[in-house]
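Participant: Now for the letters of each chain:
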Amino acid sequence: MKKTALNSIHIEAGAKMVPFAGYEMPLQYSGLTDEHLNVRENLGVFDVSHMGEFFLKGEKALDLVQKVTSNDASKLIDGKIQYSCLPNGKGGIVDDLLVYRINAEEYMLVVNASNIEKDWNWIKSHNTFGVEMTNKSDEISLLAVQGPKAVEVLQKLTSVNLSEISYYSFVYGDFAGIENILISATGYTGAGGFEIYFENKHAETIWNAVMEAGKDFGIKPAGLAARDTLRLEMGFCLYGNDIDDTTSPLEAGLGWITKLSKDFIDSDYLKAQKESGLTKKLVGFELIDKGIPRHDYEIENEEGKTIGKVTSGTMSPSLKSAIGLGYVEKPYFAVDSEIFIVVRNKKLKAKVVKIPFLKS
Amino acid sequence: MEFPENLKYTKDHEWVRVEGDIAFVGITDYAQGELGDIVYVEVETEGESLDKEEVFGTIEAVKTVSDLFMPISGEVIEINTSLEDSPESINAAPYENWIIKVKISDSSELEDLLTSESYADLVA
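Top line first, the protein sequences correspond to chains G and L.
Heads up, the first sequence is in this note's numbering, so the first residue is 1 and it goes up one at a time.
Heads up, the second sequence is in this note's numbering, so the first residue is 1 and it goes up one at a time.
Chain L extracted, bound-state conformation:
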């Protein structure tokens, strides 16, 4: 399992890639493996400002459904619409398929996120 070092992670198995004041958010390789074949990603919070750890959407695999949590506070400014037609691309390449883009409202929260190393320990 891979946990790229340039990303930050949460205990809820999301990854975060920061570009300026924008955060790209997806789910980790571990999460996609646990969920199994992903068939549906539902995000209806575009344009909303949400707090850290609030639910921003839901991801459904054939067998299970799981909530998606905000890794940091901010506004959901864009959702990855390509996932509508091919949600399974998250299974194939979890780090290339972001789910939402967030405009970060408090960059100090980034310090609370896990490093690649500490996330790897968490799921080991």
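One chain only, chain G, in its complex shape:
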């Protein structure tokens, strides 16, 4: 089991540690609901150092990125970030990821911890461009500092004007007295904030500086459990739950990062899928009857025919309602469609709603 550089800090903070993607990670500290609401109202700090970071460098770095990802990375300028996915050549998804343009000849790809090896091998197998690839996943730590008080708190630690970093942009700057730290206006919570990338050796310094800067602002560490409920309220996909090697990006509602105007792995297949029309789609739904949807629960129509499956579900801590994501057949993916979630042999009424569940 791998450990992040902050392992002992989590244990000292009273975290409940669990195995996740080969790492021992904090599931929760003070409690899921408390951590969740604190991110929405104040500020939470997540150690997400398990995420993977690949660097692609060379004259043809963009060509490789363009080939393996679905979004159009040629639209990126230096300091900009794109959400994207790696199509798998069979209509499914190898992984979803962030693409950072450091400069015209260097990109950073941030991938899911559980897929580091798979993604690395996949991208490498398509590297016919002579691009220099480096996997720095084990050397880089990552803190997500998320919540409405992020700018105010973190501004104390850097000379970079944080309010000028627009969403999905990044800069290298000083942070907590250390030079050349990557500060990225991204996150997986919908609460605003930053993700800070740095070498493992700075982990304790940066963690302590962030906690100290936020102590009068209600800052609290937050675990993977809150990360999951926060992302679900925003309708963000989780690889392994909502998207995987068998789901197409179009079916997953990721058409906005699938740019069919460029050539990439699966672009022909996806064009054809788009033209012929989708037969199933990932939708958000809210339970009308009392109960909680969970991953893998069946979805039925009123007549009892199976029309899909739940991929993620929870009781939303912010909305206090039971919400979920799931794939349903046509025509049930239209908003306001009545669907039924099978919970312990009972059919609970639900309706398809627009995502994000939590409106800002």
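Calculated from the structure, these hints are not laboratory results.
We put the CB at the ideal spot given by N, CA and C, even for glycine.
Hints may be right or wrong, so weigh each one.
What the hints assert, rightly or not - Computed beta-carbon distance windows for the label pairs: (1) Ile288(G) - Ser49(L): 31 to 39 Å; (2) Ala120(L) - Trp256(G): 32 to 40 Å; (3) Lys3(G) - Lys11(L): 52 to 60 Å; (4) Ser30(G) - Asn6(L): 27 to 35 Å; (5) Lys52(L) - Gly89(G): 51 to 59 Å; (6) Asp12(L) - Glu204(G): 40 to 48 Å; (7) Gly47(L) - Arg344(G): 18 to 26 Å.
Model the placement of chain L on the given structure of chain G, informed by the hints.
Facilitator: Quick look at chain L alone, frame taken from chain G:
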């Protein structure tokens, strides 16, 4: 973690408080901690006679769902309706918030339940 001595326990992490031929049943401090924030308690067996170890309901936390098992055989005579609106009170005070009342059908089964001490050993 507390395991009051006046209660009996099961390996499924329920506690039992006996008053005459009635047993109050809830979940232990250990169980609520493992489940995390409890958001829903579903019991639809009121009025039913169930055997020991049969499922009488379900408890849902934000992240997980878990069955609730009868610690002893008997009839489920009442459910704690206050949990409908505030299931989280089980997290705050697990021993003050019983889930069901059971009319005990065979009091000899009480002898099979764990003492506070042996339950504490089980979850240590």
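Participant: Any of the earlier hints contradicted here, and which numbers?
Facilitator: Going through the list in order, the structure violates hints 2 and 3 and respects the others.
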